[in-house]
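Whole structure, please, built from the sequences with the hints as guidance.
Residue numbers (my numbering), protein chains in the order written: chain A, 1 to 352; chain B, 1 to 804.
Don't read these hints as lab results, they were simulated from the structure.
The model shown is predicted, which means the values in this text are computed figures rather than measured ones.
The beta carbon of each residue, even a glycine, is placed where N, CA and C say it ideally should be.
Among the hints, erroneous ones may be present.
[To be verified] Derived contacts from chain B toward chain A, CB cut-off under 10 angstroms, selection only:
hint: 1; residue: Val494
hint: 2; residue: Met552
hint: 3; residue: Asn571
[To be verified] Derived CB-CB ranges, DEER-like:
hint: 4; chain 1: A; residue 1: Gly249; chain 2: B; residue 2: Arg683; range: 56 to 66 angstroms
hint: 5; chain 1: B; residue 1: Arg740; chain 2: A; residue 2: Glu74; range: 51 to 61 angstroms
hint: 6; chain 1: B; residue 1: Arg740; chain 2: A; residue 2: Leu88; range: 47 to 57 angstroms
[What the hints assert, rightly or not] Subject to a maximum C-alpha distance of 16 angstroms in a straight line, what follows is the list of computed EDC-like cross-link-like pairs (lysine to aspartate or glutamate):
hint: 7; chain 1: A; residue 1: Lys69; chain 2: A; residue 2: Glu10
hint: 8; chain 1: A; residue 1: Lys204; chain 2: B; residue 2: Glu594
hint: 9; chain 1: A; residue 1: Lys204; chain 2: B; residue 2: Glu596
hint: 10; chain 1: B; residue 1: Lys528; chain 2: B; residue 2: Glu678
hint: 11; chain 1: B; residue 1: Lys418; chain 2: A; residue 2: Glu314
hint: 12; chain 1: B; residue 1: Lys418; chain 2: A; residue 2: Asp228
hint: 13; chain 1: B; residue 1: Lys528; chain 2: B; residue 2: Asp562
hint: 14; chain 1: B; residue 1: Lys528; chain 2: B; residue 2: Glu548
hint: 15; chain 1: B; residue 1: Lys418; chain 2: B; residue 2: Asp447
hint: 16; chain 1: B; residue 1: Lys187; chain 2: B; residue 2: Glu438
hint: 17; chain 1: B; residue 1: Lys418; chain 2: A; residue 2: Glu229
hint: 18; chain 1: B; residue 1: Lys418; chain 2: B; residue 2: Asp446
hint: 19; chain 1: B; residue 1: Lys528; chain 2: B; residue 2: Glu637
hint: 20; chain 1: B; residue 1: Lys763; chain 2: B; residue 2: Asp728
hint: 21; chain 1: B; residue 1: Lys624; chain 2: B; residue 2: Glu637
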Amino acid sequence: MSQSTAQSIEDLTQTALTELAQLDNPEALEQWRVHYLGRRGGLTTILRGLSQLDLEQRREVGALGNRAKSTLEEGLERRGQEISEARLAQVADLERIDVTLPGRPITTGRLHPTTQVLREITDAFVAMGFSIVEGPEIEWDHYNFEMLNIPQGHPARDMWNTLWVDYVNEEGQRPMLLRTHTSPMQARVMESMEPPVRLVVPGKVYRYEATDATHEWHFHQVEGLAVDEGITFADLKGTLYEFARQIFGARRQVRFRCDYFPFVEPGVDMSIDCFSCEGTDSSCRICRGSGWIEILGAGMVHPYVLRAVGYDTEKYTGFAFGLGPERIAMLKYGIDDIRHFYSNDLRFLRQF
Amino acid sequence: MLIPLSWLREYVDIDLPPHELAHRLTMAGVEVGEVTELGGWENCCVGEVLEVNPHPNADSLQLCRVNPGDSTEMEVVCGAPNVAAGQRICFARVGANLYNTHSGRHETLKAARIRGVVSEGMICSELELGLGEGHEGIVVLPEDAPIGVPLDDYLGDTILDLEITPNRLDCFSILGVAHEIGALTGKKVRTPEVSYSEDGPPIDEEACVSVADPDLCRRYTASLIQGLKIGPSPQWLQDRLARAGLRPISNVVDVTNYVMLEFNQPLHAFDLDKVRDKTIIVRRAAPGETLETLDGVPRELNTEVLVIADSRDPVGLGGVIGGANSEIGPETTSVLLESATFNSYNNRRTADTYRLHTDASQRFEKGLRPELAPIALRRATQLIQQVAGGTIARGIYDIYEDADSPAPRVTMTLRRLKQILGMDVRLEQVEEVFHSLEFQTERVSDDAVSVTVPYWRSDINIEEDLIEEVVRIIGYDNVPTTMLSTPIPYRQPVPMTELRSRIREALAAVGLQETISYPVVSLEDLEKVNYDVKGFGPLRVANPMSTEHDHMRPTLLPSLLDTLSYNEGYNEGPFRFFEQSRVFLPQVNQLPEEREVVAGVISGMRSEPSWLVDNGPLDFFDGKGMLTSALAQLGLEPSWEPAEGGENAALHPGRTARIMCSGSRIGVLGELHPTVTERYDLRYRPATVFELYMDALLALPARSGRNFRSLTRFPSAHRDVALVVPEDVPAGRVQEILDRHRLVERVELFDVYTGENLQAGAKSLAFHVYFQSPDRTLTAEEVNRTLDGLLRTLQRDVGATLRD
Numbered sequence: 001m002s003q004s005t006a007q008s009i010e011d012l013t014q015t016a017l018t019e020l021a022q023l024d025n026p027e028a029l030e031q032w033r034v035h036y037l038g039r040r041g042g043l044t045t046i047l048r049g050l051s052q053l054d055l056e057q058r059r060e061v062g063a064l065g066n067r068a069k070s071t072l073e074e075g076l077e078r079r080g081q082e083i084s085e086a087r088l089a090q091v092a093d094l095e096r097i098d099v100t101l102p103g104r105p106i107t108t109g110r111l112h113p114t115t116q117v118l119r120e121i122t123d124a125f126v127a128m129g130f131s132i133v134e135g136p137e138i139e140w141d142h143y144n145f146e147m148l149n150i151p152q153g154h155p156a157r158d159m160w161n162t163l164w165v166d167y168v169n170e171e172g173q174r175p176m177l178l179r180t181h182t183s184p185m186q187a188r189v190m191e192s193m194e195p196p197v198r199l200v201v202p203g204k205v206y207r208y209e210a211t212d213a214t215h216e217w218h219f220h221q222v223e224g225l226a227v228d229e230g231i232t233f234a235d236l237k238g239t240l241y242e243f244a245r246q247i248f249g250a251r252r253q254v255r256f257r258c259d260y261f262p263f264v265e266p267g268v269d270m271s272i273d274c275f276s277c278e279g280t281d282s283s284c285r286i287c288r289g290s291g292w293i294e295i296l297g298a299g300m301v302h303p304y305v306l307r308a309v310g311y312d313t314e315k316y317t318g319f320a321f322g323l324g325p326e327r328i329a330m331l332k333y334g335i336d337d338i339r340h341f342y343s344n345d346l347r348f349l350r351q352f
Numbered sequence: 001m002l003i004p005l006s007w008l009r010e011y012v013d014i015d016l017p018p019h020e021l022a023h024r025l026t027m028a029g030v031e032v033g034e035v036t037e038l039g040g041w042e043n044c045c046v047g048e049v050l051e052v053n054p055h056p057n058a059d060s061l062q063l064c065r066v067n068p069g070d071s072t073e074m075e076v077v078c079g080a081p082n083v084a085a086g087q088r089i090c091f092a093r094v095g096a097n098l099y100n101t102h103s104g105r106h107e108t109l110k111a112a113r114i115r116g117v118v119s120e121g122m123i124c125s126e127l128e129l130g131l132g133e134g135h136e137g138i139v140v141l142p143e144d145a146p147i148g149v150p151l152d153d154y155l156g157d158t159i160l161d162l163e164i165t166p167n168r169l170d171c172f173s174i175l176g177v178a179h180e181i182g183a184l185t186g187k188k189v190r191t192p193e194v195s196y197s198e199d200g201p202p203i204d205e206e207a208c209v210s211v212a213d214p215d216l217c218r219r220y221t222a223s224l225i226q227g228l229k230i231g232p233s234p235q236w237l238q239d240r241l242a243r244a245g246l247r248p249i250s251n252v253v254d255v256t257n258y259v260m261l262e263f264n265q266p267l268h269a270f271d272l273d274k275v276r277d278k279t280i281i282v283r284r285a286a287p288g289e290t291l292e293t294l295d296g297v298p299r300e301l302n303t304e305v306l307v308i309a310d311s312r313d314p315v316g317l318g319g320v321i322g323g324a325n326s327e328i329g330p331e332t333t334s335v336l337l338e339s340a341t342f343n344s345y346n347n348r349r350t351a352d353t354y355r356l357h358t359d360a361s362q363r364f365e366k367g368l369r370p371e372l373a374p375i376a377l378r379r380a381t382q383l384i385q386q387v388a389g390g391t392i393a394r395g396i397y398d399i400y401e402d403a404d405s406p407a408p409r410v411t412m413t414l415r416r417l418k419q420i421l422g423m424d425v426r427l428e429q430v431e432e433v434f435h436s437l438e439f440q441t442e443r444v445s446d447d448a449v450s451v452t453v454p455y456w457r458s459d460i461n462i463e464e465d466l467i468e469e470v471v472r473i474i475g476y477d478n479v480p481t482t483m484l485s486t487p488i489p490y491r492q493p494v495p496m497t498e499l500r501s502r503i504r505e506a507l508a509a510v511g512l513q514e515t516i517s518y519p520v521v522s523l524e525d526l527e528k529v530n531y532d533v534k535g536f537g538p539l540r541v542a543n544p545m546s547t548e549h550d551h552m553r554p555t556l557l558p559s560l561l562d563t564l565s566y567n568e569g570y571n572e573g574p575f576r577f578f579e580q581s582r583v584f585l586p587q588v589n590q591l592p593e594e595r596e597v598v599a600g601v602i603s604g605m606r607s608e609p610s611w612l613v614d615n616g617p618l619d620f621f622d623g624k625g626m627l628t629s630a631l632a633q634l635g636l637e638p639s640w641e642p643a644e645g646g647e648n649a650a651l652h653p654g655r656t657a658r659i660m661c662s663g664s665r666i667g668v669l670g671e672l673h674p675t676v677t678e679r680y681d682l683r684y685r686p687a688t689v690f691e692l693y694m695d696a697l698l699a700l701p702a703r704s705g706r707n708f709r710s711l712t713r714f715p716s717a718h719r720d721v722a723l724v725v726p727e728d729v730p731a732g733r734v735q736e737i738l739d740r741h742r743l744v745e746r747v748e749l750f751d752v753y754t755g756e757n758l759q760a761g762a763k764s765l766a767f768h769v770y771f772q773s774p775d776r777t778l779t780a781e782e783v784n785r786t787l788d789g790l791l792r793t794l795q796r797d798v799g800a801t802l803r804d
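Shown next, in the form of C-alpha cells:
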C-alpha cells in the first residue's frame, strides 16, 4: 500500500509539473492549483488516504507528500513569475510612444548675462579675501573726481564724459552727477575705516557717450581696492593674474603695460593672451591679430588719494583696479555688440 | 596725434620695423592706435615735365612730354592748371594702381585715348596718390627731387597715430616722441640747432610788451621779424604739416604750427602793424569787451578770460585762439611772434566757455613748462626768417617773474621703490633708466637719487612718478608676481547684496527672465504709467543723452512695459520678466534716496505653444503663484490683502493685492490698469505686474521664515467642506481662519463657485482640510469636533454656512 501510495505521489508530481510547464496564463495556473493542491485536489486526496496506513508508513509517506507539495508550490510560483514577466515584456513590446515628439515646455527664467558675469568676477575676488561693497549711483563731484586726484579743471576729466544732475548748489556749482565709475567707493570706504582694506565694488556707471558696437552710455564696472602695510605692485600682478585664470582659464598668460589713471601711480592696463587664436591668427576678430586682449586698468593707489582719506602714505600702500563686466562677457561669449545687453531682447537674453 | 616717421627720423635713428616700434611705445604707455603706410605706388616715379603743349582737341587739357628718368619720353595728357615745364612731378606709368577720382575706387592705370591723343601715363594729384584731398592740381615736387627714383622711396612714409593719455603731454610733439623712442631703444636724440643773427633794431624800440596778470601768464616771450614776405610755405614744410594732419596756410602761420608739432609749444604770430601803438599787454579782459576770433565769431569776454591786448583792445584769446584784427595776411611784413606759458586751469576754462578746444588750448591746459617758451620762440624765429625772409630784431622779450626759481627736482629712494614695486632695483640701474630719458641725476645717498626733469616732461612731480618711469622702462615683466600675503580683513557684511542675489535666483527659478534696462527715462514714460510727475518730480539730468532719457527713474514699471512691448514684436512669449534695480527719489540738497526694488511683468500665454498643453493667458493668479513660490524659497509665507483704493495708480483698482509679511508691506501684485494697457498697446492681455520692496524685505524679523518643523509620525485625516459665504468675503479670510487652528495641518482651496443653486450675492468655497497632530493619531470624533468648532467660528466671523 505504502509503496503504491509513494508511487502515486511520484506520478502525480511528474504529471503536475509537466502540465504546469504548458500553462501560459494566471487563470490556467489557478485551475492547476485547485486541481493538484486544492482541498479536493490530487495531492490532498492522496495524503488524506494516509490515515489508513500505520504510523511508520504514515510518517514516511507524509514526509514524501510534504516534499511533493512544496515542489509543486515552488513550481507554481516560479511559473507564475515567468508568465507575468513574459506578459509585461509583451506589454512593453506593444506600448510605444514617438520619442521624437517635442517635450512639454517648461518656462525657466535666467539671470541677465551681466548679472552672471558680475557674479563670476566678484566670486573670483571674494575667494581671495575681498569683500563686496556698493555705493550710490548718483554721486558728488567730490567723491567721483576730487578725492580721486581729478580736481576741477583737470584735463583728465575728459577721460570721463559726465552726465550731470540738474541741481545747482548755493555756490552756483553743479556738484551732483551720475557716477562715471565705481571708484568713488575707494574714498568713501577708506574714509570710514582703517586698513586693511580689501574690497570690490560692482555697480552701474554712466557716461555721456554716443553708443556704438563697443560703447554704451550705461554699463557696469567692478572696482577693486586693496590697501595695507606691505602691499606692492607684485601683489597687484599676482592678484589680477589669478583673476584672469579664474575667468578665462588656468592657461592664460597676462601682460601689463603702462597706462594712466589719475588715482593710481604707477598705472597699468592688463591684457590676457588671446584665448581664441592664441596669437596665431593675424586676422583674429577677438584680439585683432595682436595676440593680446586688454581687459582691465589698474595701478598702485596714488598717494594723493591715500592722503585725502587721512591714511599714512609712508606706512600704507595699495592697489586698485577697474574692469567692465560687459567687455568680459563679450569676450567670453563672443558677443559682437554691447548694445545687445540693455535692449533686453529675449532672443539675446535666452542665450545665456 | 599723427607722427610721420620721416619727420621723427630727423631727431632719432630708428632701426626697428614700424610695428615693433609701435609695440614698444604702446607697452611703455604711449599707445599707438594705428600704423599707416603711405606708399604702395608701384610703377610710379619722380618725373620731369619737359614740355607742355595745348591739346589739339580740348581747350582744358594739355599735352605734356615727361621724362621718367630712364632715357625715354612719355606723352601724357594732363588737365591740371598748375602743370608747367621744368617741374618735378609724380609720374604714374601704365600699370600703376591709383585712386580713380571718377569711379571712387582704386584702379589699375591703362593707356587711354583722351580726345584723340593716347596718354602713356598720368601726372598725379594728392588725391590720386592718397596723400591728401587735393585734386585741383598736380603735386609739384621740390626742384631737387631725383628724377627716376621710385615714388615709394621718395615720398613713402609711415604714420603712427598715437592715442595719448592726458599726462603724457610731451608726446603731443614729434621731439617728445623722439625722446621716448631714444629712451626705449638707447639712441641719442638730436635737437635742432638754432642760430640766427639779429640784424634789426632792438626789439624794445620797435614793440612794447608787458604782462599785467602774471598769475595767468607765467612767462611771456616774444621776438620780432620785420620786412618779411608772406607766401606759401616750401613744399617740405607743407608736406610735413599735411602728414601730421594740419592744413598748410601760409609760411609764417605754418612755421608756428610746425614748431608746435616739433617742440609742443603753441606760438602765435601777430601782424605788428595791426597792433595799436605796437603795444602788447597780457591782461584779463575788461567788462564788456569783445573780440572777433580767427574763426570769424564775435565773442563776448568776461573778466576771468585772459586776453592779449594792444594799447586798447584785445587782439587774441591767450593760449586759445588769435583775434581777426591782428591776423597775418598777404600784406603783413612785420611779425611779432609770441611764445608764452599760460595758466592751465584758466586756459581750460576759457576753452570750455567758448567751446574752442584748439591745438593750442589742448596743450596749455595740460601744463607746459615755462622753460620751453624761449626755446620754441627761437626755433620759430629762425624758421620764419628761413621761409619768409626779413630781419630779426635784436633781443627778445622774456617776461618771467619766477625766472630764478630752480628747476624742479624730485628725489626717489630705493626703499620707496621696493615698497611700491615689491622688488629691488640697483641704484646704477635706476640711474641708467633716468639717463636714457635724459633726466639729470644726482646721488643723494646710497639709497636715493635726486632727479632734474627735462623741460619737455611736465608729468613728473612726485617720487611715485619716477618709480613709474623706472618700471615702465625696465618692463613690467621684470616685476615678480606674488599673491597677497597681508592678513585678510574681516568680511564686510552686505545683507542687501545677499538678499538681492537670493531674490534673483528665486524669481529665475519660478520662470522669470531677468532684464536690465536704462535707469534713465522720460517724463512721458512716467506719465504713461500714471506716475505723478508734478510737485517734487523725479531727478533730472542736466545734459541728457536724449530727451527719451532725461530723468532718473522713480519706478521700474515703464522700463518693464517697454521691454514687454518691444519683445511682443519679436517673440510669441510667454513673457515673464523681472528687473532688479534702484529707483531714485530726490531729496532736498542731498543725494537722492536710491531704493532697491524688484519688479516684474508677466503677459502672454502661460506656456509656449505645444501639442501637449492646454494654454491660457498668464494672469494675476500665475503671478501670485510665482511670487508665492519664489518667496517661499526665501522662507516667507506672505498674506495677500485686497488693495482697494489704488495701491499704485498703474494698477487695476479691483485686481491688485498688497503683499504683507509680519505686518509690513513687502510688495504689490496687480493687473495693469486698463488705461495703461491701452497706452502701451499691448498685444496680450492682461499684463500682470509686481513690485517687491527690498528695504521692507530686509527689515523683516530675522527668523520670520525657515523654522524647522519636526516631521510627524502620526497620520493626517482629511475632510472636504464646501462653505457658502457672502460674495465680498475674501477667500483668504476664510482660509486664514481654517489655517489658524493648531490641529489643521494644511488647507487647500479646490473650488470656487457662484451661480445656480446659490443665493444671489453668495459664493461657495470648497476646501480640503487636513488635520494632524504632532503627538497622537487623531480620532474621527476629535476631527469632527474640531471641524464643528471651526464652522461655528466661520459662521460668526464671516457668515459662512455649510453648503447642502
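Each hint, compared with the structure:
1. Val494: Cβ of Val494 (chain B) sits 5 angstroms from chain A, so the hint holds.
2. Met552: With a closest approach of 7 angstroms, the Met552 (chain B) hint holds.
3. Asn571: holds (5 angstroms)
4. A:Gly249 with B:Arg683: 56 to 66 angstroms: Since the Cβ atoms of Gly249 (chain A) and Arg683 (chain B) sit about 44 angstroms apart, the hinted range of 56 to 66 angstroms is violated.
5. B:Arg740 with A:Glu74: 51 to 61 angstroms: This hint holds: roughly 60 angstroms between Cβ atoms.
6. B:Arg740 with A:Leu88: 47 to 57 angstroms: holds (50 angstroms)
7. A:Lys69 with A:Glu10: holds (11 angstroms)
8. A:Lys204 with B:Glu594: With Cα atoms ~13 angstroms apart, Lys204 (chain A) and Glu594 (chain B) stay inside 16 angstroms; holds.
9. A:Lys204 with B:Glu596: holds (13 angstroms)
10. B:Lys528 with B:Glu678: Distance of about 10 angstroms is within 16 angstroms: holds.
11. B:Lys418 with A:Glu314: holds (12 angstroms)
12. B:Lys418 with A:Asp228: holds (15 angstroms)
13. B:Lys528 with B:Asp562: Holds - the C-alpha atoms of Asp562 (chain B) and Lys528 (chain B) are around 11 angstroms apart, at most 16 angstroms.
14. B:Lys528 with B:Glu548: The hint holds at about 13 angstroms.
15. B:Lys418 with B:Asp447: holds (11 angstroms)
16. B:Lys187 with B:Glu438: holds (11 angstroms)
17. B:Lys418 with A:Glu229: holds (13 angstroms)
18. B:Lys418 with B:Asp446: holds (14 angstroms)
19. B:Lys528 with B:Glu637: Cα-Cα ~33 angstroms, so violated.
20. B:Lys763 with B:Asp728: Within the cut-off at roughly 9 angstroms; holds.
21. B:Lys624 with B:Glu637: With a Cα-Cα distance of about 12 angstroms, the restraint between Lys624 (chain B) and Glu637 (chain B) holds, given a limit of 16 angstroms.
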